[in-house]
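Participant: Fit chain B to the given chain A structure using the hints.
Residue numbers (the numbering used here), protein chains in the order written: chain A, 1 to 342; chain B, 1001 to 1342.
Read the hints as simulated data drawn from the structure, not as lab findings. Keep in mind that the hints are not guaranteed to be accurate.
[What the hints assert, rightly or not] Heads up, simulated DSBU-like pairs for lysine-lysine below, C-alpha to C-alpha not over 35 Å straight-line:
#1 B:K1315 with A:K130
#2 A:K315 with A:K130
#3 B:K1130 with B:K1315
#4 B:K1064 with A:K315
#5 B:K1315 with A:K315
Number of protein chains: 2
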Amino acid sequence: MVDQTLLPHRFETRALADCDAAALAIRDMTVRGAPLIGVTGAYGLALAAAEDASDVALTAAYAKLLATRPTAVNLRWALDRVQALLTAAAPAERAALAYGEAARIADEDVAACEAIGEAGAALIRAATEKNTGRPVNILTHCNAGWLATVDWGTALAPIYKAARAGIDLHVWVDETRPRNQGASLTAFELLNEGVPHTVIADNAGGHLMQHGMVDLCIVGADRTTRTGDVCNKIGTYLKALAAHDNGVPFFVALPSSTIDWRIDDGVAQIPIEERSPREVTHISGRAADGAVMDVLVTPDGSPARNWAFDVTPAKYVTGLITERGVCAATEAGLRELFPDFA
Amino acid sequence: MVDQTLLPHRFETRALADCDAAALAIRDMTVRGAPLIGVTGAYGLALAAAEDASDVALTAAYAKLLATRPTAVNLRWALDRVQALLTAAAPAERAALAYGEAARIADEDVAACEAIGEAGAALIRAATEKNTGRPVNILTHCNAGWLATVDWGTALAPIYKAARAGIDLHVWVDETRPRNQGASLTAFELLNEGVPHTVIADNAGGHLMQHGMVDLCIVGADRTTRTGDVCNKIGTYLKALAAHDNGVPFFVALPSSTIDWRIDDGVAQIPIEERSPREVTHISGRAADGAVMDVLVTPDGSPARNWAFDVTPAKYVTGLITERGVCAATEAGLRELFPDFA
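If we strip away everything but chain A, and leave its shape as in the complex, we get (with noise of 0.2 Å):
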């Protein structure tokens, strides 16, 4: 996978050597994203099995994966689909049974990106007739583009797929405090696809917002309940606050791994990671040496604390872009877009 950790100033990839690799990937985040996450466990669920293929062994390496990251649901997803696979399977064949599923999730995660991107490029398509011969402008936040996904992304591939489609358009990057995976990985993925775009401060989105300059606002999910709230990066609630208050369209996009079907009340049923306060203290960055370094941003004794997730209610959201076209944020758009799983 992708060094995530490196980016923007280098790009390396590296191979997992084991579960312990996988868990430690996902939980420094040299892999995140949700469904990245859900994709790095299934992996890691077969690289245990072609370890020790025991259910004693699996059952351990299930929970160690697990543990690792406690907000995305793509991660218990992926998990759950792999473990189900190797329990009614016997032990020898459970390896070769693992990294098959994990495969799959994978192409099917590809598959799901490919269709978001095109029911949200529609949607980016019906913004241009709205204006007069200036680009479609796009807010995002955090990094839900290829990086985060195995390829296309969530929120940037109606992006890709619109930009690819010949529709002018320029997008609103948030640095996304504080690991700035807007400012170091969507700006390093839409640099690479030759997509117009702007690194802003996250206190930048309202302003924007109240002059016109933010057509519609695209972000992913780590996870969405039943009922259509939205658990996303830390500060995307603000965004879509500024969204509604301006009247501007407030998509997220998602796979349908990302549904949690057993809850209905996001603020109140979602675990919200606490990450260390030193990804607020420190920042990394770029030297002028070259060197890449952590600087300090804080008094020497001043706390911080680290919250990496919050939670949009549903009333704030215009649209759930999903694999299977764009539905309301409400338990009725899920159930009709997905009778099958709810």
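Facilitator: Coordinates of chain B only, in the frame set by chain A:
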């Protein structure tokens, strides 16, 4: 003055030699904060008068100082106050008059901030009545403390007064990208005053408010319309929306010199300064070896933009904390407190 660009890593003061130095200190944010910009502007005009007290020279100095930063209205207010006095006086008397008036503006600012502190501390005390045993949690954005004024501060004055009165409180400090005035200046002030505080990413406040972890917000202002719209550091508007959505009181603390009685529509009428994109693409911090340096956080080639302020419509402001007490963020509220100004 204190060189604020070196904080929180080094505390150094330096003198302003002439009007050009004062203008540069305002422009490059060696001094910042609406009230302090006003005082620095007044002293800048005094320095100009000491050098050349002719009408032509003072008109040029006034224009140069006024052009340094467009958004905060205290600068124009202080310059107008000194200029009016000088125009009516003989050139030989002007330097002494200007120094006297600048000192008066500075002293009045201290008194106004202390009065704001007393009025705001009463609001914090009132908030303690709702709680049971835990500290009052106050969220603030940017720096509106003694560094931003001559002493006490605006938003932080109530916090200092309440803390000194023994009220158990805790401050959530928004880091305030892109220049990190919260993480660097507000944290520095609170640490040195012994006020319990925690630095958070700008993205976090909405999540905290959804979970009952903020009892009230207090921020400063760079300009307030006569109708109560508040222009303050970029991102203030997003916090006001979240406060509104969660029933959290949102107060703005300001001396009357921050009120622009000429205008009634903040979003349409207040000029929003756009600063260098480098403030977004690079972050200043202290490396492991103690050196303070800028590091690049975006990919080479990704553009950035950097608006410094936004406007919070009056309907999202619970009240204005002024040197004459607290009033509604409405024209009637302001006129009642300031019948002599309006």
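Participant: A:K315 and A:K130: Cα distance at most 35 Å?
Facilitator: Holds, because 24 Å separates the two Cα atoms, which is no more than 35 Å.
Participant: Regarding the pair B:K1315 and A:K130, is the alpha-carbon distance no greater than 35 Å?
Facilitator: holds (29 Å)
Participant: Given the hinted pair B:K1315 and A:K315, is their Cα-Cα distance within 35 Å?
Facilitator: holds (21 Å)
Participant: Would the hint linking B:K1064 and A:K315 be met if the CA-CA limit is 35 Å?
Facilitator: violated (49 Å)
Participant: Would you mind confirming whether the straight-line C-alpha gap from B:K1130 to B:K1315 stays at or under 35 Å?
Facilitator: holds (24 Å)
Checked against the numbered hints given earlier, the structure breaks only hint 4 and satisfies all the rest.
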